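Colleague: What follows is each chain in one-letter form.
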Amino acid sequence: MRTAYVLLEDGTRFDGDAVGAEGHAVGEVVFTTGMSGYQESMTDPSFAGQLITFTYPHIGNYGVSQAAMESDRVWARAAIMREATNREDAPDAEAGWCDWLTDCGIVAISGVDTRALVTHIRDAGAMRGGVFPGDMAEDTARELIAAEPPMAGSDFVREVTPQTMSVHGEANVGGPRIVAIDTGIKLSIVRNFVERGAVLELHPATTPASKLLSRDADAYFLANGPGDPSTLDYVVDTLRELIGQKPTFGICLGHQLMCRAVGLETFKLPFGHRGANHPVKDLQTGKIEITSQNHGFAVVGPGGQHTLDTDEPLRWNTNVGEAQLSHLNLYDRTVEGLTLLDVPGGTVQYHPEAGPGPHDSLYLFDRFLEQISAAA
Amino acid sequence: MILGSGPIVIGQAAEFDYSGVQACKVLREEGYEVVLVNSNPATIMTDPEFADATYVEPLIPEVVAKVIEKERPDALLPTLGGQTALNLAKALQEDGTLEKFDVELIGANYDAINRAEDRDLFRTCMEEAGLKMPKSTIAHTIEEAQSALPDLGLPIIIRPAFTLGGRGGGIARTEEEFQRMVQTGLDASPITQILLDESVLGWGEFELEVMRDHHDNVVIVCSIENIDPMGVHTGDSVTVAPQQTLTDALYQKLRDQAIAVIRAVGVETGGSNVQFAVDPVSEEIRVIEMNPRVSRSSALASKATGFPIAKIAARLAVGYALEEIDNDITQATPASFEPTIDYVVVKWPRFAFEKFEGADVSLSTHMKSVGEAMAIGRTFKQAFAKAMRSRELDTDAKLDGTLDELMTRLERGTSDRFDVLFEAFRQGASVEDVHARSSIDRWYLHELRELALDPEAPFAGSRQYKSVDTCAAEFAARTPYFYSGWERGEARHEVERGDRPSVVILGGGPNRIGQGIEFDYCCVHAAMTVRAADRDAVMINCNPETVSTDYDTSDRLYFEPLTLEDVLGVIEVEQPEGVIVQFGGQTPLRLAKGLEDAGVTILGTSVDAIDLAEDRGRFGDLLDRLGLKAPPYATAGNTPEAIAASEKVGFPLLVRPSYVLGGRAMEIVYDTANLEDYLRRTAKPGGDDTREIFLDRFLENAIEVDVDALCDGREVWVGGIMQHVEEAGIHSGDSACVLPPHSLGPEMLEEIRTQTTAIARELGVIGLINIQYAVHDGTLYVIEANPRASRTVPFVSKAIGVPLAKMASRLMLGEKLADLQLPADPMGGDHVAVKEAVLPFDRFHGSDAILGPEMRSTGEVMGVARDFPTAFAKAQAAAGSKLPQEGTVFLTVTDTDKSAAFAIGQQLHDLGFKIVATAGTAQAIRGMGVPVHEVLQKVGDGSPNVVDWIERGDVSLVINTPTGSGARSDGWEIRRAAVAHGVPCITTLSGGVAAARAIAAARAGDAEVLSLQELHPQRLGVA
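Protein chains in written order, with my numbering: chain A, 1 to 376; chain B, 1 to 1023.
Bound-form chain A, shown alone (with noise of 0.2 Å):
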């Protein structure tokens, strides 16, 4: 068995062993709290430029499948393990995890404790490391993570985003054309507007505006992806000219991005929240919803605070009018949504579509389908 540890930017090491790809990956640790879809966290882009801690000590149970990818390849930098296992033999499994992270060339560690490494995070909030070869002298790896930008200030959408675009659900025929800003979109997205009789345009980040004003779209969706969101300006500038046009609707990055368009500000959370559990209360009707998560940064209250002390639909000026909070998340009361009162338009900082995680928020996609046929 070759030997590996996790060291983090301040000094802290925790060592296990390599189960997949030879080598050494440094970016931004961070955990998730999901008990199951490792594979979708692997695929999913947002996780671009990051290293996953997973908090559930097996992983790797039922091995990969074509199925659970949410893009076509990996995007995390490595995956950070307690108890690895490779399994070809369960029913499902097309391939082994630790296989298939060998060959998509990904880096993982097993063995660690990552109880006290989640602990460390959370106390001491995200942080650069890496995963390196028990070869390597620590010397070395802190180098390569000092070499490492933060992720504050990190663009990693130029990194997913597609080179060209593409058309999804075209048999759709007759079904409302959404266009899509591609900051790092996961199939499942993609499927739920699909499945629901849309046809979905991808487009590259840096698409200019008058190009996706002119595709003649019924809405226009922003799409989740990773990084800071206070380095998109140039995506945060075509959105302005959007907005206001046609039924927008914006998940994870794509809200983030929204609120900056309309001139509200994001700020970096300590550790950030990654898992499939979460509760979001919807203000409009009081229930409330377990939530997949995944984001680093949130958006600020309209009055310059972090967390909301109320459940009261508070609202923002924005300079497209008012904006309501929607959607708060009952764990440390951030913003977990809001709408737009004035122009059609709506986020959520969260992930409806799941992937991994409970399908409770699967409403919102059909609320903005009503929204876009209400609009037409």
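Think of the hints as simulated: they come from the structure by calculation, not from any bench.
Each hint can be trusted.
Derived coverage of chain A by chain B (criterion: at least 3 residues anywhere in the stretch with Cβ under 8 Å from a Cβ of chain B; other residues may be distant):
#1 49-57
#2 76-87
#3 277-283
#4 348-361
One side only, chain B facing chain A, incomplete, derived with CB under 8 Å:
#5 H215
#6 D216
#7 V219
#8 P242
#9 D248
#10 L322
#11 E323
#12 P334
#13 F337
#14 V344
#15 T379
#16 F380
#17 C471
#18 R492
As a list, the in silico DSBU-like pairs of lysine-lysine whose alpha-carbon atoms are at most 30 Å apart:
#19 B:K882 x B:K100
#20 A:K287 x B:K132
#21 A:K287 x B:K25
Since the model is a prediction, treat every value here as computed from it, not as a measurement.
For each residue, glycine too, the CB sits at the ideal point set by N, CA and C.
We have chain A; now place chain B onto it with these hints.
Modeller: Quick look at chain B alone, frame taken from chain A:
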């Protein structure tokens, strides 16, 4: 009003004490007055301090109706007392009681209960919700069942409606089995209805614990996967939380369906358990069943995640929403979330087949385990190995035989399946082979194979105590609930010890026959006392059902196996002032010596005193010194020695192996042939005859007496003297007993007090002592002394209104008896309390339903009244064998009992019963002028014989004193038939006398219901 679940029986155990206690606590916190009804005195919930009015009364509709009439509660919460409480609530709704007294049913409404419990309605409900169930049909008769068989095919699952833990159900693999099980199932169902299910044998079995509030918010608290696939009752399966083998996509489908089920059934608030079968290959899902209430699985889920389901269910029932309730553990987040965990939980069932000779040991949909142990580890292997060692088996699995034979054994679920599986892997079996035989998911098999081949590997590194925090460390945990995990590197414990001195209390481990909830009751009292004494109470236990493993009970809970190594690990971190070992039954006592050797302070009675009481020779010397009498006895080391000793001691003899729990392998033998037979049957395999055997002269027809007393090393206080209803020779745990004694004179009671004082003082007891005596021809004999909490401590505490375990804890912490201000005459109240045992014979087909020196009861009930016969009648009713008011009594007794049988016959005849007897007994009774109908004795002699009468339902009471315990004897057939048809069956003459008096008392008038608070108004301060 909260209803408890009554006595501990298979399928309904301490988990409902845990849930009931949580409910009582939170409802009183919310300012509600709580009226509690539960017949089980061994529960914490029936402690008078947990409710405003506590009724230890039978859980039957007419009695609960009386309590309702007296207390006039505003609402009835029936979802925390298991199937018993739910069935009661249903009956009270149907008979109009709830409407008459304007009582609102909360937690689950009548229609929802019906939709979940009635197989027909549930199926319709699921179909309407678009969910699939196994193909199925309902039958009310054998003919209906027969006509459905061709469509459903064999094997087929038979489930009776409205029974606990699937009692009376099973899997039929042949036509013959089918015929038999259909009949048993129809008989077991209170509404004569069975469900015939398409077999999904071999599919994966999953459970989801769901909670819903009145805003229709639904969360899944926990997923549980059964390692044993479909076909083995979940209570008998080794289970794992969270689920390990489903993809996220498939798991989310189950989650969606579980939510759809709770909505469709219409459970408005509270917790439910939904069971699924999943075909791992086709990904087909079938809903199997749902329980619209807290359950064994919800207790497990609560302990597994730190999410207190019962507590939250109680709050939801009175109108809270999930988001309005704090998560106790983080104290920063609301209860409207789904726990995520970063460890693995394994639950192991604990079986007791060794107690039921002849019983069918294969596992099916009919639950047979008597308890469970849970373990938490950082990995599955850690958790599985810890759970295995938590079982505390008395006997090792038999693993002889070839690999082929072992593999064949894996095809059927049995209690030793995983021991066999380990052996098969050690002998080279492959994962594929084992999968083909057992259908167990390969992921588990890979893990188990690695564990079998290298059991030490998962425990490399250092032991580290980590928290159970509901959130995988995303938030800081405030509630100190810990488990040990093994990790690389130096230990990083998450325990924040604080400055206060701590006292460690060792729990009793998994419930088993002989060591049940009574000991948990004592441990909880110890924790309460330690906390009240300005120390941190530290609990170590591994039983997920119990109140002791509620993180609210102690200052720090360590969910750990009760082995010396595991306990010493905790002690290293805790550095406690001392350890309390005398409350958890034999489990902690076994550890006492090792702990002392490791330099740990044992609080209370010394280890040497424990040994002095347990060692026959040393204890005999002590009695000699004090001039006290004991029956002659001897100790032998092998068969020839035992035969020789038997001549010296004299027959009849009580024989048993040394250090036993609940009279394991204990028997009465009347002659040398009997003794030789016993020695042969109990010999170790392989011809090794060396073992320690105790032989005691058995005092025939003696009255047995149990005493619980407190001692501070010098002074002694006798709390309770109990007279057994059955004669000596019946295990004290299985015998009914009465407090105060109903037929011992004041002089004998004084003699008992004197001897108890002498023994306790001589042993140097600090804390509790239990002494068993026999009164034979007016002389008092000491049978045994146990310097620890006994099974009867909770019963005595409730009967006299003094919490003995708490008082004992205070003594152990250094107070003196004089400090405790105990009443001078604790038994001086104007009431009588009767304890009755509850036996699981209906679960073990093939085993004889007879009482003897080997304990077989799983639980107990208490009846309280102003006089003995009424209290006895209440106890019988609470134990589930309500004495008849009229009808036919079948009487057959041994020759030595014949003269006394007349008195019973006379009394029952005078009460208007028809007496039926076999020839000998009939002759004896008829001779004295009582009319008797004689039936053919021999079951094989043709019809009509006794069994025909019973099976026809023509007998309402059986009094049968056995002539020996030969399997398949006439007596055996009679008792089997009575058990199968729910006819009360009394197997001792004195029990028969008591029953006759109780029937007379019940005839004389309606028994009033009495709350403990009424019985002991002056003593509540002490509690």
